[in-house]
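Engineer: Protein chains in written order, with the numbering used here: chain A, 1 to 717; chain B, 1 to 92.
Keep in mind that the hints were calculated from the coordinates and are not lab data. Incorrect hints may appear among the rest.
Covered stretches of chain B, going by a simulated chain A footprint (3 or more residues, C-beta under 8 Å) [claimed, not checked]:
{"#": "1", "segment": "10-17"}
{"#": "2", "segment": "22-29"}
{"#": "3", "segment": "39-51"}
Beta carbons are placed, not taken as given, at the ideal position from N, Cα and C, and that holds for glycine.
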Amino acid sequence: MDLDAIQQMFFQESEEGLQALESCFGLCREATDDAETINTIFRAVHSIKGGAGAFGHEHLQDFAHHYEGVLDQLRSGTLAMTPALLDVLLAAFDTLSDHVAAARGERGTPDDSAVLAALAGVSGAQAEEAAPAAESAAAAIAAPADDFDALMSLLEPSAPAAAPQDDFDALMSLLAPGATASPTPAWHLSIRPSGDAFANGGEPLLLLRELVRMGGSKVVLDGSTLPPIEELDVNRCYLGWSLEMPAEVAKDDIEAVFEFVDGWQVDITQGATQPPAETLPPVEIDAPQAIEAAPPPPPVAVPAPVAAPEPAASRPAPAPAAGDNNAAASATIRVELDKLDRLVNLVGELVITQAMLAQRLSEHGLAGNSELTSLENLTRELQESAMSIRAQPMKTVFNRVPRIIRELEADTGKRVRLQLDGEMTEVDKTVVERIGEPLTHLIRNAVDHGIESPEERLAAGKSEDGVLRVGAEQRSGRIVITVADDGRGIDRARVRAKAIERGIVAPDAMLSDEEIDNLIFAPGFSTAEKVSNISGRGVGMDVVRRNVQALGGRIGVSSRFGSGASFTLSLPLTLAVLDGMIVKVGEQTFVVPLGNIVESLRAQPGQLSHLADDAAILDVRGAQLPVLPIGALLGIPAKSDPNNTVMIVVDTDAGQAVIMVDTIEDQRQVVVKSLEANYQAIPGVSGATILGDGRVALILDVEGVLAGARRRPALAA
Amino acid sequence: MSNPEQLPAVLNSAAAQPLVDLLKERLADNEPINLDGSAVAQLGQACLQVLLSVRAAAASRELAFAITNPSEALSMMTEMSGCSDLLQSAEA
Numbered sequence: 001m002d003l004d005a006i007q008q009m010f011f012q013e014s015e016e017g018l019q020a021l022e023s024c025f026g027l028c029r030e031a032t033d034d035a036e037t038i039n040t041i042f043r044a045v046h047s048i049k050g051g052a053g054a055f056g057h058e059h060l061q062d063f064a065h066h067y068e069g070v071l072d073q074l075r076s077g078t079l080a081m082t083p084a085l086l087d088v089l090l091a092a093f094d095t096l097s098d099h100v101a102a103a104r105g106e107r108g109t110p111d112d113s114a115v116l117a118a119l120a121g122v123s124g125a126q127a128e129e130a131a132p133a134a135e136s137a138a139a140a141i142a143a144p145a146d147d148f149d150a151l152m153s154l155l156e157p158s159a160p161a162a163a164p165q166d167d168f169d170a171l172m173s174l175l176a177p178g179a180t181a182s183p184t185p186a187w188h189l190s191i192r193p194s195g196d197a198f199a200n201g202g203e204p205l206l207l208l209r210e211l212v213r214m215g216g217s218k219v220v221l222d223g224s225t226l227p228p229i230e231e232l233d234v235n236r237c238y239l240g241w242s243l244e245m246p247a248e249v250a251k252d253d254i255e256a257v258f259e260f261v262d263g264w265q266v267d268i269t270q271g272a273t274q275p276p277a278e279t280l281p282p283v284e285i286d287a288p289q290a291i292e293a294a295p296p297p298p299p300v301a302v303p304a305p306v307a308a309p310e311p312a313a314s315r316p317a318p319a320p321a322a323g324d325n326n327a328a329a330s331a332t333i334r335v336e337l338d339k340l341d342r343l344v345n346l347v348g349e350l351v352i353t354q355a356m357l358a359q360r361l362s363e364h365g366l367a368g369n370s371e372l373t374s375l376e377n378l379t380r381e382l383q384e385s386a387m388s389i390r391a392q393p394m395k396t397v398f399n400r401v402p403r404i405i406r407e408l409e410a411d412t413g414k415r416v417r418l419q420l421d422g423e424m425t426e427v428d429k430t431v432v433e434r435i436g437e438p439l440t441h442l443i444r445n446a447v448d449h450g451i452e453s454p455e456e457r458l459a460a461g462k463s464e465d466g467v468l469r470v471g472a473e474q475r476s477g478r479i480v481i482t483v484a485d486d487g488r489g490i491d492r493a494r495v496r497a498k499a500i501e502r503g504i505v506a507p508d509a510m511l512s513d514e515e516i517d518n519l520i521f522a523p524g525f526s527t528a529e530k531v532s533n534i535s536g537r538g539v540g541m542d543v544v545r546r547n548v549q550a551l552g553g554r555i556g557v558s559s560r561f562g563s564g565a566s567f568t569l570s571l572p573l574t575l576a577v578l579d580g581m582i583v584k585v586g587e588q589t590f591v592v593p594l595g596n597i598v599e600s601l602r603a604q605p606g607q608l609s610h611l612a613d614d615a616a617i618l619d620v621r622g623a624q625l626p627v628l629p630i631g632a633l634l635g636i637p638a639k640s641d642p643n644n645t646v647m648i649v650v651d652t653d654a655g656q657a658v659i660m661v662d663t664i665e666d667q668r669q670v671v672v673k674s675l676e677a678n679y680q681a682i683p684g685v686s687g688a689t690i691l692g693d694g695r696v697a698l699i700l701d702v703e704g705v706l707a708g709a710r711r712r713p714a715l716a717a
Numbered sequence: 001m002s003n004p005e006q007l008p009a010v011l012n013s014a015a016a017q018p019l020v021d022l023l024k025e026r027l028a029d030n031e032p033i034n035l036d037g038s039a040v041a042q043l044g045q046a047c048l049q050v051l052l053s054v055r056a057a058a059a060s061r062e063l064a065f066a067i068t069n070p071s072e073a074l075s076m077m078t079e080m081s082g083c084s085d086l087l088q089s090a091e092a
């Protein structure tokens, strides 16, 4: 692993740290935070700062340093959490996120002067005093092992800036016998680096040195596993240590030293009763005179530390050893996305091949044998497992929401209480990546248009704070994302007037409430009185709908005037496979996504009313639904006699409609192949798949087909 | 005791294997191990454990093991890592 790879790891961990910060600040906003919340915030910032320093991101390091100073005061109780302080901390958090992005090269260095001034304002002089100590402690904590030579050069006597005499003396004074009595020993550490601790240039002594700099003393070597020289592998790490740390050092800070190492056994116990170092037998690698027999005496390990007896009630719950954490961490691995996509593609090919095999066996009268059934089950299980690897929690999207809300609050002067539900709902990575933009627009829209100003809300008998609920849940094999506010709701009279004004609907059009609500998705529609930089440019909701449809999803809205509006996005859990109905139209085979299908039926005499051209209306239990003759719409010779065709009722964003096909052949899961990637986009077709007999079948884009049909004069109304 | 062998200035992980080879050769020849630490500017754990293991091997063969003239860096690192006695064994 090279330095770049380690830096990427630092960036990934920084992102995770920022996500943890967002969660913790959520607790602070709800006033449900505790001391551990603040500690977690501090640790995350501290860790980012350490890594930033190690990789030379000075702006990030400098900003994190000032941020950390204030957090340290908060942690120690010097500062108390107040709404004003929280605002400053949140602003600093956003700036820290920007600095991390800048360090990654995703944007320029942010202007942090105002936030730094605010931090200085809340911390006063104390932050300045606390800073140098914190900085020196942090500088090497997260230093990557690969930076070994640079850090070790500090020890070079010839380097003027590297190992000044006073630094050496200071370090030695810590180790001097007289000095060991001064700090109160509170923590006993037992450290056993992993056997491969030297991998990638790792150097355990750097961490030991950092502990000594932090006040560690009574260092005792454990060479119990050191093999004879004949068996020694220079690439393996054999030594361990025990030492004591003063009570003044926070356990978090000690643990942070080991943050960037993996597989080490680190035990940190409190109230050590370790006898003084000088009374302990040192590692027994005896002087030559002591040796009498050929085999050398085995080195004696330092006895395990004994914790001071404590009353059971006051004994803290045993902290999980760092080794446990590392074991948990090592239960996951990072895999390049390309490899994952290749696996998913291969599984897709396997599914197709399995279907082809089944088809071929069926042609020879061998269908239904148990081996084929087992293969089918295994293939499906394999496919589900492969897809689950790509699944990510919606949390990765939802984590951006609090910042969006903060910015909107600042821009609009409105107050918003955010409720996030279903953060752990898992969905395919592609959906996670592409849902962010439409979701952001819906949120902006809800705050800009939906939620009223505090004054308006008070006048309406509501609380000053608007509530915005963003939730995700799995429902019937799809993910449903909801963005709901308790604002003013959709003003249908105004929406209708605007739609008429813009020529979207005829002045005398008879529209249901649902149809009026859906007008906000019409291209070019905007009800904003003036264009703001938040939303209301008239390109919003129709783009949202298009983006959602591009993901194979649908969007709907429900509203009560004066009480709020709720937008619902229904998306497939994955874009790689699809449950569909195989239908025939003329000589062509199509797949109709099952998610769109409500029912299928044969038209009875009198159920069908013919309009101009080949358009028709089907009466389905009183509902007059437009019939979409797929053959005619796609230019395919097909049956036109409704008595010989099958009517499939489908659900779309624009309401229900009926697809007319010749026959239904099957219902099965198909592997979606992109038309755009392999050919080009075709209106009315969302993709293609390969059937069991090797034929290619096009997957109908029901929304697109309906939109195309509505452009025909007979169905336009 | 023979003339001391000069320890290299940089005793990092990369220096561990050459150090092992050199010292195993001395052990194979049943020669006392006499090392001059005056030039050592860096000491990493890989070389530290080589020195500790060689000292034990020398002891088992009743050979002398000594590191003389330790540099400040060497003294500091052995002191810090709890094995300052590595620099004290001077004769067999």
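Engineer: Counting residues of the segment 22-29 of chain B whose CB is closer than 8 Å to a CB in chain A, do you get three or more?
Structural biologist: holds (count 3)
Engineer: Given as covered by chain A, does the segment 10-17 of chain B meet the bar of three residues or more with CB within less than 8 Å?
Structural biologist: holds (count 4)
Engineer: Has the segment 39-51 of chain B got at least three residues whose CB is nearer than 8 Å to a CB belonging to chain A?
Structural biologist: holds (count 9)
Hint compliance for this structure: every hint is met.
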